[in-house]
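Protein chains: 2
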Amino acid sequence: MLKIAIIGLGPIGIAAARAVQRDEGFQLAGLVDSDPAKLGKRLVELDPHADADDVAVVGDIDQLPVTPDVAIVSTTSYFDRIAPTLRQLMRHKVHVVSSCEEMAWPWYGHPHLADVINGEANSAGVTLVGTGVNPGFVMDLLPVAMSSMLTRVERVTVTRVVDALTRRMPLQRKIGSTMSVDDFKKLAKQKQIGHMGLPESVVMLAQGLGRHPMRSEIRITLDPVIADRAIESLVGVVEPGQVCGMRNRGSYSAAGIDIELDLTMALAASEPRDEIEVVGEKTIRTIIPGSTPGDTATVAALVNVARALPSAPRGLRTMLDLPLCGCRSS
Amino acid sequence: MLKIAIIGLGPIGIAAARAVQRDEGFQLAGLVDSDPAKLGKRLVELDPHADADDVAVVGDIDQLPVTPDVAIVSTTSYFDRIAPTLRQLMRHKVHVVSSCEEMAWPWYGHPHLADVINGEANSAGVTLVGTGVNPGFVMDLLPVAMSSMLTRVERVTVTRVVDALTRRMPLQRKIGSTMSVDDFKKLAKQKQIGHMGLPESVVMLAQGLGRHPMRSEIRITLDPVIADRAIESLVGVVEPGQVCGMRNRGSYSAAGIDIELDLTMALAASEPRDEIEVVGEKTIRTIIPGSTPGDTATVAALVNVARALPSAPRGLRTMLDLPLCGCRSS
Numbered sequence: 001m002l003k004i005a006i007i008g009l010g011p012i013g014i015a016a017a018r019a020v021q022r023d024e025g026f027q028l029a030g031l032v033d034s035d036p037a038k039l040g041k042r043l044v045e046l047d048p049h050a051d052a053d054d055v056a057v058v059g060d061i062d063q064l065p066v067t068p069d070v071a072i073v074s075t076t077s078y079f080d081r082i083a084p085t086l087r088q089l090m091r092h093k094v095h096v097v098s099s100c101e102e103m104a105w106p107w108y109g110h111p112h113l114a115d116v117i118n119g120e121a122n123s124a125g126v127t128l129v130g131t132g133v134n135p136g137f138v139m140d141l142l143p144v145a146m147s148s149m150l151t152r153v154e155r156v157t158v159t160r161v162v163d164a165l166t167r168r169m170p171l172q173r174k175i176g177s178t179m180s181v182d183d184f185k186k187l188a189k190q191k192q193i194g195h196m197g198l199p200e201s202v203v204m205l206a207q208g209l210g211r212h213p214m215r216s217e218i219r220i221t222l223d224p225v226i227a228d229r230a231i232e233s234l235v236g237v238v239e240p241g242q243v244c245g246m247r248n249r250g251s252y253s254a255a256g257i258d259i260e261l262d263l264t265m266a267l268a269a270s271e272p273r274d275e276i277e278v279v280g281e282k283t284i285r286t287i288i289p290g291s292t293p294g295d296t297a298t299v300a301a302l303v304n305v306a307r308a309l310p311s312a313p314r315g316l317r318t319m320l321d322l323p324l325c326g327c328r329s330s
Numbered sequence: 001m002l003k004i005a006i007i008g009l010g011p012i013g014i015a016a017a018r019a020v021q022r023d024e025g026f027q028l029a030g031l032v033d034s035d036p037a038k039l040g041k042r043l044v045e046l047d048p049h050a051d052a053d054d055v056a057v058v059g060d061i062d063q064l065p066v067t068p069d070v071a072i073v074s075t076t077s078y079f080d081r082i083a084p085t086l087r088q089l090m091r092h093k094v095h096v097v098s099s100c101e102e103m104a105w106p107w108y109g110h111p112h113l114a115d116v117i118n119g120e121a122n123s124a125g126v127t128l129v130g131t132g133v134n135p136g137f138v139m140d141l142l143p144v145a146m147s148s149m150l151t152r153v154e155r156v157t158v159t160r161v162v163d164a165l166t167r168r169m170p171l172q173r174k175i176g177s178t179m180s181v182d183d184f185k186k187l188a189k190q191k192q193i194g195h196m197g198l199p200e201s202v203v204m205l206a207q208g209l210g211r212h213p214m215r216s217e218i219r220i221t222l223d224p225v226i227a228d229r230a231i232e233s234l235v236g237v238v239e240p241g242q243v244c245g246m247r248n249r250g251s252y253s254a255a256g257i258d259i260e261l262d263l264t265m266a267l268a269a270s271e272p273r274d275e276i277e278v279v280g281e282k283t284i285r286t287i288i289p290g291s292t293p294g295d296t297a298t299v300a301a302l303v304n305v306a307r308a309l310p311s312a313p314r315g316l317r318t319m320l321d322l323p324l325c326g327c328r329s330s
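Line by line, the protein sequences give chains R and L.
Read in our numbering, the first sequence has 182 at position 182, and its numbers run on one by one without any break.
Read in our numbering, the second sequence has 158 at position 158, and its numbers run on one by one without any break.
Worth flagging that the hints you see were computed from the coordinates, not collected in a lab.
For clarity, every value in this text was computed on a predicted model and none was experimentally measured.
Keep in mind that the hints are not guaranteed to be accurate.
[To be verified] What the simulated footprint calls covered on chain R by chain L, stretch by stretch (three residues with Cβ under 8 angstroms from a Cβ of chain L suffice, anywhere in the stretch; the number is not a length):
id, stretch
1, 56-70
2, 122-128
3, 202-213
4, 316-323
Positions of the beta carbon are idealized from the N, C-alpha and C atoms, including for glycine.
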């Protein structure tokens, strides 16, 4: 049985802890959160859907009752902010899988730090990987998988349209619902709004197609989606002319290849889906109607990768380095 | 540059040789075929679409002008028949990727021989893998990839419908077009007709979901598809009541999971597509309209895996052991 600790008990961490509880191949070996209100709590006190369990929340990794084999870390979207946690876990020789979006391709945002952490992970003999549904699957790993059916690729376009009405309140707020267009643009300028991990997806996909983009070759745009009618949402009624979502695009066009990632998350977005088109000697189109479910899929990615880490190659790695981590739950 | 030899110059081998010629990361290092009519021929003499090249066909692996890094072998569908070729290539320390359908999961049909060959490959320090579009991707690897977005899987169904009118003549013949139903059933009983590799796909998918099926748990059926109207094909007109294709089903139902693979290859088949449904805490449906192109995709799989073999884990392996082999052509 693989001993798993959960670091960071937000919605993703709690759902991951529950999935670990229910898998006979795992032992939930520890819970860590810095929030004093959660200290000493059992999982079932944080989430009534969890099973009863003896493990109580501690405030620091060094206080874990047993040393886990793998830590699932969901504390931050930023690689430089997760680095101290990675280092603490490496001192205990613990493998890490994280939903940290920048960690899906840490060399994009933090090339030097990523190299240093990679060296430290190799010395410690552990594997560190960032993953999730997006980044980590829909807009990067899955298009790479589809490209394996072509001998040459000229163009990849990935369109992901999420109907935010089907998602939880924090996501409805995060995409700007009820904001004015001006406020959205202000926040966008300050990088206070927008999907995390899009440039990382562009780079991962390009690398999976044998390209090595420079940072300056990645283009990211962010636009508000504007309501053309009143929409009731969990954060209130969006009036016509107000923001009801966002459209985030990322692209790379060099070395004989065009990559276009187009992510729309909006209230009542029409035709929600994931759609991948890979164009080479043939065109292969792949559609996931309704789009891959968001939060549950990220939890699944974390748990399925956690299971694979002990036999994975060592170092700071990406999903491109690992064999497919299917759902081998028991 | 990776030196590649092509063993077996049927349509797949020739197309693979052309793809190798056109990729700057590869050097076409040799061509082997046992057909005396092909001996001494250049690729362009076998296929006018090929580029001019100095490499001439030899009759035996031991006569190759240089030792390749990787051999692409398309000579047989049967693992016991490819074994002597694998052994000859292992003596030269050559990695192998093959379209041999049984080799996609050689432990299904030949568990003892697979173990022995695996030992020999480890001793020789080479990697041997079977792959293609099916088996190797649509009905096994891709559903495993989709399962990574779920924490538990109860059921996987894969439906592949190929309109054989869009495919080359040998395929139209292979599926039984113009046969009587009685003749089809006779051939089916003698295992002279039907898709190769379906049980291998069932086992690969089950293994990718953490199950370890026994041979007796895999169920395979084969039925004729019967024309309800006259259909003109490359092998002649199919009259109503005659066979216009085949439907091959494979299933596994044990250990809390149901797997159903349903492959129809028929003239004028309606709704041609690949469709994958993975059911767990959510249902994820994936559709490839028109279905993944057949022959070109198998060639792509061979070439893309060939590129990855030098850094792959050693031994007799399957696609589940390798990181994704995207199209990294240059």
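Verification of the supplied hints:
1. 56-70: violated (count 0)
2. 122-128: violated (count 0)
3. 202-213: Check passed, 3 qualifying residues.
4. 316-323: n = 4 at 8 angstroms, threshold three: holds.
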